[in-house]
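Protein chains in written order, with the working numbering: chain A, 119 to 512; chain B, 119 to 512.
Derived by calculation from the structure, the hints in this document are not laboratory data.
Do not take every clue at face value.
Because identical chains share one entry, a pair is satisfied inside a single copy or across any pair of copies.
Subject to a maximum C-alpha distance of 30 Å in a straight line, what follows is the list of computed DSS-like cross-link-like pairs (lysine-lysine) [stated by the list, open to error]: (1) 169 - 146; (2) 145 - 511; (3) 243 - 145; (4) 123 - 169; (5) 169 - 183; (6) 243 - 344; (7) 197 - 446; (8) 489 - 344; (9) 169 - 446; (10) 183 - 123; (11) 183 - 290; (12) 290 - 446.
Protein chains: 2
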Amino acid sequence: MQDFKFYAPTEVAFGRQAEEQVAPLVKKYGGTKVLVHYGGQSAIRSGLLDKICGLLDEGGIPFVKLGGVVPNPRLSLAKKGIDLCRSEGVDFILAVGGGSVIDSAKCIAYGLCMDGDVWDIYLGKVKPTAMVPVASVLTIPAAGSEMSWSSVITNEDGDVKLGYSDDISRPKFAIMNPERTFTLPPYQTAAGVTDMMMHTMERYFTKDDDMDITTDLAEALLRSMKNAVFAVLKNPEDYRYRAQIMWGGSLMHNGLTGCGISDDWATHQLEHELSGMFDVTHGAGLAAVWPSWARYVMHENLSRFVRFAVNVMDVPNDFTDPEATALKGIEAMERFYHDIGMPINIRELIGREITDDEIREMVRKCSRNYKSTCGRLKVLHAEDMEAIYHMAKG
Amino acid sequence: MQDFKFYAPTEVAFGRQAEEQVAPLVKKYGGTKVLVHYGGQSAIRSGLLDKICGLLDEGGIPFVKLGGVVPNPRLSLAKKGIDLCRSEGVDFILAVGGGSVIDSAKCIAYGLCMDGDVWDIYLGKVKPTAMVPVASVLTIPAAGSEMSWSSVITNEDGDVKLGYSDDISRPKFAIMNPERTFTLPPYQTAAGVTDMMMHTMERYFTKDDDMDITTDLAEALLRSMKNAVFAVLKNPEDYRYRAQIMWGGSLMHNGLTGCGISDDWATHQLEHELSGMFDVTHGAGLAAVWPSWARYVMHENLSRFVRFAVNVMDVPNDFTDPEATALKGIEAMERFYHDIGMPINIRELIGREITDDEIREMVRKCSRNYKSTCGRLKVLHAEDMEAIYHMAKG
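Between the sequences and the hints, there should be enough to build the whole structure, so can you do that?
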């Protein structure tokens, strides 16, 4: 068992009336001038942006707005945000949207408290010591960024997607109204659930078999999400199961499912190169890579994959053949991905065969020019990454 | 589903080396002069108190000490602590011990930020708006006070035990080293596990059947605790399972298992009168009352008791007879209590038959002179309380 720190200070306001609390919460956490940060048209069309701005107005809190965040959020917009916040004297950043908007907000918040280039933080050259407070009104459950310490930013200059994690970036509050997710299209819903499940699977597949509570909670959450996603794909306005997904997305990435274990994150790193290169939906990219990763590494802790098959995927345990049971668990996960409209390989993800040159380029980036590894259950070197991408070609 | 707030900001440092972080954590959360608050001899004998004081010394943090906290912590000692802290200029309270010490620390911390009598907070006459920061080095997993918003204090003047809950009282940090619980005697260990399981059972037995994640997580935690307690009763120095119990005690009372549901707390309120009158161990008192409470209220949501029987107590589901299955679940819980050395009625708890006069006195106190009810799954009036106490006589 690993010694651990658990720190999830984000105040969650959850339910149909949650948005009403936005102005008091901004004040409680010290905001006097707010950047309302958002993505595209959906926050405008739904009326949510107007509602939030109206509530800030009523609360006497001045604000400026910056929209235009795209999936795989761009460094250039974050830099624009930093300039805007500096000139406007912003001291609180409110993200209205999903993980991309929250990650962009975190990047702006880091940048506001440093002199140099905020990209240096993501490059690992600079460690931030402070940031402007960030909070969110969540509309897309997936990334878990609303309670997490992570943010991922894409530098268009070279299509490089990098993440940085720091407890100082844990958001102050998160407003979650499941009704705001009723209009999420099926593909986004499924990709979101895939992403949130993967946040816990990246932790679940570990060599640390002795932290029972963490494993038990992870399995309970994974089963809950599997159940909930079919309900909302059938009926998008099913409040009960939209709520499970929304709250599950936070719990699966706020640290709860990582206590006492070594986490892996290889699938995420392999996927970052896919969405960096092809601008695909992150969750879909994860589904395209995971089965190949799983088959490649499963012998590092076979009993863990057996446990996953039996306790999460409801595969009958063939006690005489753990490898067969483990493989059936991976196959069951592939069926689950197909059932919810997710790809299980790169061909299904990008609509054509990936070329060997493209794989080589992804390996180069993922290995930081052959200098870095990824993963911990099995440490993946460049040749391992290449093997997994080839297995995932489809 | 109920709208909810989730707020668990306490920073947890967990593991064999956790104590080493005490001085940096006190500084991080603004402490410049500390009250080290503790209970009896065990913190001295084990060397923990000396270690913590030494670490504060090394960190250059001045402190004063106040020991003597007893189970069912007394108002008089807390008042002594308030006076001491005022005269010494204390601005941070570090509890070294279990729930009683932490609850006493919270009471002192409330009292330091008000002019009048701190008991008025517990009487509901005054709502506190601030308190001195509190943190803990946990030695007894049970009460969950190290992450919770609750504290319970006994006023010896009239043997009245009252609780008060407020988010401002959530501790800043909790240091948890499972090795520090190796010396906990079997009875204290079992009573602690009973208490922590009850913190989740008080939430689990609800009419809100639609918050699946919360229910799934609660069942996972309850099963984990059932499993872990036998391991540590067999081998008190089993780090793995001492760790499950220590972390489980926090998760089962930090709010996680209450999200989206109406909680009950009748068993706790019925028990408070027992430990107020007979000064018994709180966890043992809960075990003595719960089976009778459960039989009295189970028809308010029978399917919930069936679910508990099947998913937590491993009772085979007799689909044709839900009531029989539910009752078997309660009986299985009684066997579990006996297996770990806990009582299942008041006779076993206090070693003699309780008198009708004593029951009447408990009912009077529990109903606040026949003016209050308790419980939410079934709202209990004075006559219900009396019926349950009589069922629990044994």
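How do residue 489 and residue 344 come out at 30 Å by Cα distance, when the copy is not named: within, between, both, or neither?
neither (37 Å within a copy, 47 Å between copies)
If the cutoff is 30 Å on CA atoms, where do residue 243 and residue 145 land: within, between, both or neither? Let me know, please.
between (34 Å within a copy, 27 Å between copies)
Status of residue 146 relative to residue 169 across identical chains (alpha carbons, at most 30 Å)
within (20 Å within a copy, 37 Å between copies)
Between the shortest in-copy and the shortest cross-copy C-alpha distance, which are at most 30 Å for residue 183 and residue 123: within, between, both, or neither?
Close across copies (27 Å), not inside one copy (36 Å); limit 30 Å.
At most 30 Å between alpha carbons: which applies to residue 290 and residue 446, within, between, both or neither?
Answer is neither: 42 Å inside a copy and 45 Å across each miss the 30 Å cutoff.
If the cut is 30 Å between Cα atoms, do residue 123 and residue 169 qualify within a copy, between copies, both or neither?
between (37 Å within a copy, 21 Å between copies)
Within, between, both or neither: how does the pair residue 183, residue 290 come out at a Cα-Cα threshold of 30 Å?
Close inside one copy (19 Å), not across copies (34 Å); limit 30 Å.
For residue 169 vs residue 446, is the C-alpha pair at or below 30 Å within one copy, between two copies, both, or neither?
neither (48 Å within a copy, 52 Å between copies)
Residue 145 and residue 511: within-copy, between-copy, both or neither at 30 Å Cα
Cα proximity of residue 145 and residue 511: none, with 51 Å in one copy and 53 Å across.
Go through the copies and call it for residue 243 and residue 344: within, between, both or neither, with a Cα cutoff of 30 Å.
neither (40 Å within a copy, 48 Å between copies)
Classify it for me, residue 169 with residue 183: is the Cα-Cα distance of at most 30 Å met within a copy, between copies, both or neither?
within (13 Å within a copy, 52 Å between copies)
With identical chains treated as interchangeable, where does the CA-CA distance between residue 197 and residue 446 reach 30 Å or less: within a copy, between copies, both, or neither?
Neither. Shortest intra-copy (47 Å) and inter-copy (63 Å) distances fail the 30 Å Cα cut-off.
Comparing the model with each earlier hint shows violations of hints 2, 6, 7, 8, 9 and 12; every other hint is respected.
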